[in-house]
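There are 4 protein chains.
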Amino acid sequence: MGSGIYNAHEMKALAKRSAREGLELVEAETPRPGPGEVLIKVAAASVCGTDLHIYSWDEWSRSRIAIPRIIGHEFCGYVEEIGPGVEEVAPGDYVSAETHIYCGRCYMCRTGRAHLCEEVKIVGVDRDGAFAEYIVLPEKVVWKNDPSLPIRVAPLQEPFGNAVHAVRRAGVGGKRVAIFGDGPIGIFACALARKFGAKSVWLIGLSTARLEIGKKLGADEIINASTQNPVAEVRRLSGGRRADVVLEMSGATTAWANALFAVRPGGRVIAFGLSRGQIPWDLNTVVFNEIEVIGVVGRLIFETWYETQELLTELDISPAITDELPLEDFEVGFQKLFRREAVKVVLYP
Amino acid sequence: MGSGIYNAHEMKALAKRSAREGLELVEAETPRPGPGEVLIKVAAASVCGTDLHIYSWDEWSRSRIAIPRIIGHEFCGYVEEIGPGVEEVAPGDYVSAETHIYCGRCYMCRTGRAHLCEEVKIVGVDRDGAFAEYIVLPEKVVWKNDPSLPIRVAPLQEPFGNAVHAVRRAGVGGKRVAIFGDGPIGIFACALARKFGAKSVWLIGLSTARLEIGKKLGADEIINASTQNPVAEVRRLSGGRRADVVLEMSGATTAWANALFAVRPGGRVIAFGLSRGQIPWDLNTVVFNEIEVIGVVGRLIFETWYETQELLTELDISPAITDELPLEDFEVGFQKLFRREAVKVVLYP
Amino acid sequence: MGSGIYNAHEMKALAKRSAREGLELVEAETPRPGPGEVLIKVAAASVCGTDLHIYSWDEWSRSRIAIPRIIGHEFCGYVEEIGPGVEEVAPGDYVSAETHIYCGRCYMCRTGRAHLCEEVKIVGVDRDGAFAEYIVLPEKVVWKNDPSLPIRVAPLQEPFGNAVHAVRRAGVGGKRVAIFGDGPIGIFACALARKFGAKSVWLIGLSTARLEIGKKLGADEIINASTQNPVAEVRRLSGGRRADVVLEMSGATTAWANALFAVRPGGRVIAFGLSRGQIPWDLNTVVFNEIEVIGVVGRLIFETWYETQELLTELDISPAITDELPLEDFEVGFQKLFRREAVKVVLYP
Amino acid sequence: MGSGIYNAHEMKALAKRSAREGLELVEAETPRPGPGEVLIKVAAASVCGTDLHIYSWDEWSRSRIAIPRIIGHEFCGYVEEIGPGVEEVAPGDYVSAETHIYCGRCYMCRTGRAHLCEEVKIVGVDRDGAFAEYIVLPEKVVWKNDPSLPIRVAPLQEPFGNAVHAVRRAGVGGKRVAIFGDGPIGIFACALARKFGAKSVWLIGLSTARLEIGKKLGADEIINASTQNPVAEVRRLSGGRRADVVLEMSGATTAWANALFAVRPGGRVIAFGLSRGQIPWDLNTVVFNEIEVIGVVGRLIFETWYETQELLTELDISPAITDELPLEDFEVGFQKLFRREAVKVVLYP
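Chains as they are written, first to last, in our numbering: chain A, 701 to 1049; chain X, 701 to 1049; chain S, 701 to 1049; chain L, 701 to 1049.
Be careful, since some hints might not be right.
Put simply, identical chains are the same to the list, so a pair is met inside one copy or across any two.
[Unchecked claim] Here are the simulated DMTMM-like cross-link-like pairs (lysine to aspartate or glutamate), alpha carbons at most 20 Å apart as the crow flies: (1) K840 to E788; (2) K915 to E1014; (3) K840 to E787; (4) K899 to E1010; (5) K840 to E819; (6) K712 to E781; (7) K899 to E1003; (8) K1036 to E1024; (9) K899 to D846; (10) K915 to E819.
Quick caveat, the hints were computed from the structure, so don't treat them as lab data. Because the structure is a prediction, the values reported are computed rather than measured.
So here's chain A without its partners, still in its complex pose (with noise of 0.2 Å):
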């Protein structure tokens, strides 16, 4: 994919055309199912952290993302046209998509980890991705939407996905749950924690207006790092016990000087939050508490995907949606989120 896709002027996408700054909308060649491939006809697309990423053009973009590159992974649309050999969609079909195209040849993918495949490729990263009205994708990604879940909202299951893994991974069930990064993510988080039967819910970050929508979704307190210490927080809300389990959702060199402080002896630290170089780390209180730091990326394929779907009859998570906008006003988007105002965005191709 993405060789040539701006010689013809057949549809409409967001991407990176230039090694600097922002996105440009564009006209590019509408792509063709090749075998075991499938054409879907986005329907609608979020904006994720990524997207910033790649929009700000940061060094991890410039060493990942070869230009030109359609954007964009978090989609949901209708199958337009099969490519030979698919078998399990069929044009009309309403579906999303697995991120992580995994190459199933590695030792990863044949050992049930397919998440952690040794070859994977990113969809929107390192191939064409769904800010566009459409996007071609391996059968094997595909995955076929509940008919009763809305447009506006499939669109985050993949993201809600990461949360349902984290917080999996993390075992909430009468715990005591300090969640660092009022980002999409850890407001998902609070979400579900409620959700899975966590004693307390605590949701750690710094802009209000996010916080208050983790309160809004499931968190019992909010602590403000901008202004409140997050460790004292949780060890006077937790009568000096600390949490049980905190996951840690922001990448954040200070949320790490606290997690691992807030957290009691033999607790749980979900490692999710990506960062930017080394984190300082007080190690020997890992070692003495007996602390797990478990990394979770992703989702597991496909299993989270089944518990997502399940998940979504239950749970409304539309109040992260706050703003849905046309594919073409991407900029007024991209700009609430980089100031931190919006938590989802929602574009329509």
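Given chain A, put chains X, S and L in place with the hints provided.
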């Protein structure tokens, strides 16, 4: 304990008497067992890294040790006298002891994790220790030794138990195991990883002499980090797949810089070694590879002791005993340890 | 305990005095606390299935109970007097107690599994119990109640704790859960499965009245096994997929005949209900479907008590209390239980 | 497959041709690989208990096998030809195959448990098998063998993989392990329990010859259940503590009657052996002792294959090969197996 022990001239002991480097051989009052306590005549005691810290009077020691203090906590001996209410041990019993005197009342103690007791007192640190002719301990930490266990080996149950706990938590059966740290625990871990069916055991350290002892006890390959690149070697030995399990038992910053890159996606890293200050961490590697970093400290009380007792009927760890000395010659042993020429030094009072 | 308690006329108690069906209200000598023991004035005590067995004087009771014996083990009360050496509780404390008096010395006790103690003594079975004005217990099993816990609910901590232990072992978050058995523990399990985020909770039983209480406490659907086929219903409700988790809390042969077919491949079955004699098992189903059958008994000491205490600040289980009676009217309560008209009967001495 | 294969005279095969006891050596049409399929020239194939059932034409066989059917599923060979779309194997590759042809589409397959596939087809049962000069299989179940693995051992990967999966699920490191069943899987389990550091390995069976092979491969003690009481022996050997782990690999009713009493409280029992009809269970023992009974079937696809491949570079299981015969002499091997004189019989077509 510890108050006024230097007035009489009843027993020999090794103590920190002044707030400066070094230890002194002193005459101390023989302690008496109070209610629930046991007086033990020490037969042998081995030197731990903690004792080296106290000798050096480093920052940690200065903040933790109240002088005067008899040190030492790895030992064996014979019960000499029991205090009121002692029921399970009797004079003449051949015993060692768990070093962590747990409170039995806190949340950790009451939920089966006494080794994480929040009010723990450590033998030879927070109360007088075993580098002496006699020691008094609460009955609850006293462990009856297997009568067939040699006196020279029995003190090693405590540090060997550290390795048992760490290796069991790691899960090594059928796995490629990389161990960072050629101190006693790393060397013991080699024997245990071999015993529990690790596919491969690679020991990484800085001392040729110690690495060779590790090889004798169970390592398939030894990697001298002063001349070899541990990550490159682990990759080479595993055909590019890296280790399934890493045990970090050195606490060195450089070891940690390697540890996270020596483990495969979905692998486990045991954090056991204590570090000076903070360790810079490549957290994104933990996240992207879903690495599990598990802190391990002490021994499960008393599950690890049972296991240790049984394992020592099958494994010969005596090659780790490099030096045996009368208590009076402690200085020789300590200096060899500081120079990394010794592994375990056993002192006889 | 138990020797000569009927000589004096100091307190009222409910006892098995003769080797035949029934219980007797007797005058018994008020017990005195020995070293490490606590005298408790009983405020309320609830009736357990075990008490029904002893009343009936069935085969198990005949083989286990030494008469005369005061029975009853689910209770709360106030500390009246403490024996020598008692340190953690004081007169006036509002308490309940763990029913399993563990020895503290066996392998199970010393490795964090005191609830599986091989020398366990059970309150109201192996020593005098709580259907009396006073009871004496070792300090080590006494539990300080949350002051805000109502007296009528506090005795239920013990059976509710059974359900907490079972449901936690089951792992119900996001799962389809089928519970066989509409007794108190099955009903409590409904509340807990709901609390911990089960996707669906299906209660299977024989008593319409009890099933309705289960529905009130948390079951989504109730299945009356006297008129419906539980396996067919579970298949229908799950769209053919069956339950992810089954809790067998009846011990009935017919329930077991269904339980293994109501769970999906790779699913888990908690075995909690006690049966009369052997149960015919379709073992090939266990093998081919890799089912996990996990025995659960009692409560984790004291992890389950901590959890129970916290859960009861959030869950109202009082709808399970169907009857409250003075101790003298015990016969009314027992007969309603035998007729399955009651769930929990609380007696006030 | 299977339709019209007896019209031509292209290859030799061992088939069930009539609905009665016995097998017949037939001339069958050499199969051709369709899309995604692989034609393999069989080099060696070993006899499994399933083959004995089909030979005997027992109740299970009659209900499952459509005749005519070529049987056999443990084999190795060389790829002769590949069908369209086959990408990972090539003519000349030295291969074996997973016996469970999973669908890849069901919930189990899509959540990493393909060995529990709800639409599974079994080689040599549901489609033509490996007791033939050629076999055709879908590429997805073909496994590339280690080139150094001897042809006579390679067919044993499949049953040895059963033992690998079972022993890994059991967790045997440092444990006392009792294995019921002296068939091939029980014997392989001895080797694996030894390899993975079991403290003790006790093999229980009925055939002196087979028990002796178990001893050669790793059992510390063998117990002949025809003359000894297995529970009494296990208690004696463990000093009264019983086994920590039991692997039931016989399916015999008497074995199960013993298995639950041979395991300690909190212990684990692996249910692997298939039984005829229902097994009477002492369920209260499961409950009171919190025993875990874990069904195990097949192999993890392909995690177990990777492990098996590596283990066979270290373990020599060839003593389990008691007979090697040309395919034509199959009757000799089958009869020795029926008389329990053989362990593994390898046939060469």
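Now the hints, each set against the structure:
no.	hint	in the structure
1	K840 to E788	both (9 Å within a copy, 17 Å between copies)
2	K915 to E1014	both (18 Å within a copy, 19 Å between copies)
3	K840 to E787	both (10 Å within a copy, 16 Å between copies)
4	K899 to E1010	between (23 Å within a copy, 8 Å between copies)
5	K840 to E819	both (15 Å within a copy, 19 Å between copies)
6	K712 to E781	within (18 Å within a copy, 46 Å between copies)
7	K899 to E1003	between (25 Å within a copy, 15 Å between copies)
8	K1036 to E1024	within (12 Å within a copy, 60 Å between copies)
9	K899 to D846	between (31 Å within a copy, 16 Å between copies)
10	K915 to E819	neither (39 Å within a copy, 36 Å between copies)
Checked against the numbered hints given earlier, this structure breaks only hint 10.
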